[in-house]
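Visitor: So you can see what is in the structure, the chains are spelled out below.
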Amino acid sequence: MSADLEPIYLDYAATTPVDGRVAERMREVQDRFYFNPSSNHFAGRRSAAVVDAAAGQLARLLNADPAEFLWTSGATESNNLAIIGAAKQRQHSGRHLVTLRTEHKAVVDVFRALEKQGFEVSWLEPDPDGRLPPERFQAALREDTQLASIMQTNNETGVVQDIQSLGAISRSRGVVFHVDGAQSVGKMPVDMAALPVDLMSITAHKLYGPKGVGALYVANGTAIEAQMFGGGQQRRLRPGTLPVDLIAGFGEAAAVAATRLEDDLTRLAALKAQLLEGIRDLDGLYVNGPEHDAYPGILNVGIEDVEGESLLLALEPLCVATGSACNSQSQEPSYVLRALGRSDIQAQSAIRFSLGRQTTREEIERAVSLYRGAVAKLRDLAPARTA
Amino acid sequence: MSADLEPIYLDYAATTPVDGRVAERMREVQDRFYFNPSSNHFAGRRSAAVVDAAAGQLARLLNADPAEFLWTSGATESNNLAIIGAAKQRQHSGRHLVTLRTEHKAVVDVFRALEKQGFEVSWLEPDPDGRLPPERFQAALREDTQLASIMQTNNETGVVQDIQSLGAISRSRGVVFHVDGAQSVGKMPVDMAALPVDLMSITAHKLYGPKGVGALYVANGTAIEAQMFGGGQQRRLRPGTLPVDLIAGFGEAAAVAATRLEDDLTRLAALKAQLLEGIRDLDGLYVNGPEHDAYPGILNVGIEDVEGESLLLALEPLCVATGSACNSQSQEPSYVLRALGRSDIQAQSAIRFSLGRQTTREEIERAVSLYRGAVAKLRDLAPARTA
Amino acid sequence: MIVDPYNSRVREYFTNPMHCGDVAGGAIGYFEDQGIRLRLSAAIDGDTITRLRFHAWGCPHTIAAAEATCRRFEGGAAAELEDFETGQIMKDLAVPIEKTGRILVLEDTVRSLGQAIRDLTDT
Amino acid sequence: MIVDPYNSRVREYFTNPMHCGDVAGGAIGYFEDQGIRLRLSAAIDGDTITRLRFHAWGCPHTIAAAEATCRRFEGGAAAELEDFETGQIMKDLAVPIEKTGRILVLEDTVRSLGQAIRDLTDT
Ligand SMILES: Cc1ncc(COP(=O)(O)O)c(C=O)c1O
Ligand SMILES: Cc1ncc(COP(=O)(O)O)c(C=O)c1O
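In order, the protein sequence lines correspond to chains A, B, C and D. Residue 1410 in the working numbering sits at position 145 of the first sequence; the count goes up by one each step and never skips. Residue 1462 in the working numbering sits at position 197 of the second sequence; the count goes up by one each step and never skips. Residue 344 in the working numbering sits at position 98 of the third sequence; the count goes up by one each step and never skips. Residue 250 in the working numbering sits at position 4 of the fourth sequence; the count goes up by one each step and never skips.
Okay, chain A solo, but in the shape it has when bound (with noise of 0.2 Å):
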């Protein structure tokens, strides 16, 4: 696979590297408090200090209280924590679910295995641009719906929801709302103070922390069975060892991000227009999901009669997904496009451009320029669709 390729890394949705000052934090924790937090002695309760430092740090990226986090191992596990633990916690009082038909594999895949098992869930379909009007949530609500989940930011498509007015709804019924923050914590202002949420995913390894954690956010009295089961630690709700440098380094993470928030979403709004300029006088060229108001890190675009597969490897050495990063292995088209009104070789040549802070404008100049080539060579090797 050409080993001496240098990548031009254009997916950040599907992972970012490590920030420079959390990884020296991390090296900091892990030679000097790498103890058991648990332990009952004084330097376990330095490396507790660490942990609660690191809560603190993200609570005020969220401005919650550092007391309503569970650490987790990703995003992935605090939607299982977060669907299966609210679902079966209220399961007496009525079996009724309600999330979006586009949302992550994770989420989706939860509710399925929750359907196995005799729960009945609502797939709410999106608008073409993506989003899911607040009137058509709110009509999928009934006396028996427990839980609803949606997303904040589509890491396919960039869209954002209005989770303000979602949960609000949510809350007026006595739903319990969860939201997927993978894609939003850290990347977006989010304000868990004035936002109507019981329940959010996140994950470090989107904004520039260590993979292999995670949080989950449990609004004060929100309650929910825990789906893990052994020592003490986090309430029960979700035992074993604290991995105290990976929590540092997801603290750390999130002050950083705290700090660039603005500077990051501006920057990247100048690097999407100028790689869409780039590429939207191609010919059969269109955006999947919202041309405006979405996330700008991310830019997904599909092009009339081009095969997505070859389009990828005549792509290189840029590094850009096809589908999710999560299901990217499969060759099935994306879901999430199809609910969109994709066909499936429409969405089969679609391309998600991900950009972050280490993109530069010359890294966009030569994807426009990969770009084009790349369709170009396709497209002189089809035959004439009249042949």
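You may find that some hints are simply not true.
[As the list claims (entries may be wrong)] Dumping the calculated SDA-like pairs for lysine to any residue here, alpha-carbon to alpha-carbon at most 25 Å: (1) K1642/B <-> N253/C; (2) K1381/A <-> H1361/B; (3) K1381/A <-> E1408/A; (4) K1353/B <-> A1491/A; (5) K345/D <-> R1500/B; (6) K1353/B <-> E1490/A; (7) K1642/A <-> V1552/A; (8) K1381/B <-> Q1356/A; (9) K1381/A <-> E1380/B; (10) K345/D <-> R1310/B; (11) K1642/B <-> I274/C; (12) K345/C <-> P1648/B; (13) K1642/B <-> R1545/B; (14) K1642/B <-> H265/C.
These are computed hints drawn from the structure, not numbers from a lab.
Place chains B, C and D with the ligands on chain A using the hints.
Guide: Just chains B, C and D with the ligands now, kept in the frame of chain A:
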């Protein structure tokens, strides 16, 4: 808490510092292979190759097939996945399960949860030295027994079970056999090709690897039900973005362990002998667990007529455990020691010294003198029994 | 939120309990309960407690509380023993709620000492 | 175990397909199925295929397989088209099993080219 105290760390069974080679490997992977191993581009495939290499290292340590490992967040998750996953998978054939009363909380609490879900659990009693006689195990297996879970090395006493015999019995009866190997893998020779074991839980942070990553060994042909749902990673058995740097560190830790296993054991045995010699003449001192043939990294001693919490404080800056690391925040007397026939008061005076690669003869000397001093001091403070 | 379970005063009293010991031939208060054992002994001069010593078997808070008690009453009037305040000691030593019972055992011991002194002076 | 899905030959043929194009006025084989489209065109001199060119719409294996086919048969006898071996091409290009159907479409295209050549030479 005396912010300047330099710990004398004898709590390696709670967690270990990260080995230098491991830290270096993780840094390299963080810098050069931070990509998502599921990503469908060449950079992602480089990360996937890193993961494969780590599986190879772990497989070599355990004489297993690299395809037999699932990556998890640690032994707690591995235990949950193994025990619940196998019990649910086989529940239509029977709902009887067998385990030992002195298992770690991350096994005990999983079985308790299964009891609440209608499974029947036989809780076997060990002998006073902590060993489970194979005949007792054999007698507990019934027609409808589906799963047995017995740990290899006990985290509190270091007693090592006869996994070879227990596994052979299990296999002859068609019972799935799970082993919690959190305290044995990387610390003593474990040969999966020779052991009749179907599932084994492992965690990196007990063998000088990173916290936040573990593995579940699943012998080819052993079916378990997934407990988390999401992307297609790891044959859908354990979804979520793989923490490639942690996995690489885990693999490296396994490789390091493979080279030093025998030396470590020899060194630890000498240090443990030094420690026990230094204190065994103390009035009322006794060893919890077997004096011989136990894992040499753990020495658990009790002493008559000394209060445990005060003992722990008087031992500072010695960092040792009372009870097990994972529930040491509770002041409850250890259920493990109670199961060996100790009284509440005896269990509370128990101190677990656990030694590791960085432990020196000088540290043992200081530990001896701190222990002797603390016992003398507390006995001076106590009212005469006949007061 | 895990903090040091022992505040600096507990640490000081536990590490250097200056009043550990016995007053030979003194008045004695003794109590055991809640898994702890406490013994106070006092020398009296008129109404004044001239020496107050303790022995304690129990957790660090118990030991520090015994030391604190000696510091509080040594040199004072025996009658002040009646003023033993569990609230104050709970606060000064940041004793966790679940250990309240142990401080009540200390109160019983102090009361038993007061009784012993009264018995002594009455005769 | 994830490896590069494209071996070095696929990468080479895909990156530098030297036989992409059309033979003006040549014999033509065309097929579309399995989500791919393939076209081969050939110039014939007597029994010899003097030029063989392709157009392909599909995945990298499809494109590389079309290029491989041109390299294999250009300069050879037209009759050899009958010897098209899917097994060999699957092996040379390490085509994953699930793409077998696409190689069969290529086989159909080659066969359709052979037929076209026969039609040409028959007249
Ligand atoms: C929206 C969304 N939710 C959940 C996840 C899963 O996160 P993790 O890989 O941390 O489990 C991802 C990314 O993979 C995501 O983009
Ligand atoms: C025997 C045993 N099993 C399981 C665990 C849990 O491991 P982890 O902290 O990796 O979840 C531990 C240690 O905490 C242990 O000693």
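Visitor: The structure should be examined with respect to each hint, and the outcome stated for every one.
Guide: Hints versus structure:
Straight-line distance between C-alpha atoms of K1642/B and N253/C comes to about 20 Å, which keeps the hinted pair within the 25 Å bound. Between K1381/A and H1361/B, the direct Cα distance comes to roughly 24 Å. Compliance with the 25 Å bound is thereby established for this hinted pair. Between the alpha carbons of K1381/A and E1408/A the distance comes to roughly 21 Å, so the proposed pair stays at or under 25 Å and holds. Proximity of K1353/B to A1491/A is assessed by CA-CA distance (about 17 Å); at most 25 Å being required, the pair is judged to hold.
In summary, the hint linking K345/D to R1500/B is supported, as the alpha carbons are separated by about 21 Å, within the 25 Å threshold. At most 25 Å may separate the alpha-carbon atoms for a hinted pair to count; K1353/B and E1490/A meet this at roughly 18 Å. With a C-alpha separation of about 21 Å, the suggested pair K1642/A and V1552/A falls inside the 25 Å cut-off, and the hint holds. Between K1381/B and Q1356/A the alpha-carbon distance is near 16 Å, which keeps this suggested pair within the 25 Å criterion.
Taking the CA atoms of K1381/A and E1380/B, the gap is about 22 Å. The hint holds against a cut of 25 Å. About 20 Å separates the Cα atoms of K345/D and R1310/B, which keeps this hinted pair within 25 Å; it holds. Only pairs whose Cα atoms come within 25 Å are accepted, and K1642/B paired with I274/C is accepted, the gap being roughly 22 Å. Using a Cα cut-off of 25 Å, the hinted pair K345/C and P1648/B holds, with the two alpha carbons roughly 20 Å apart.
Under the criterion of a C-alpha separation no larger than 25 Å, the hint pairing K1642/B with R1545/B is consistent with the structure, at around 17 Å. A threshold of 25 Å between alpha carbons decides the hint, and for K1642/B with H265/C the separation of about 13 Å falls inside it, so the pair holds.
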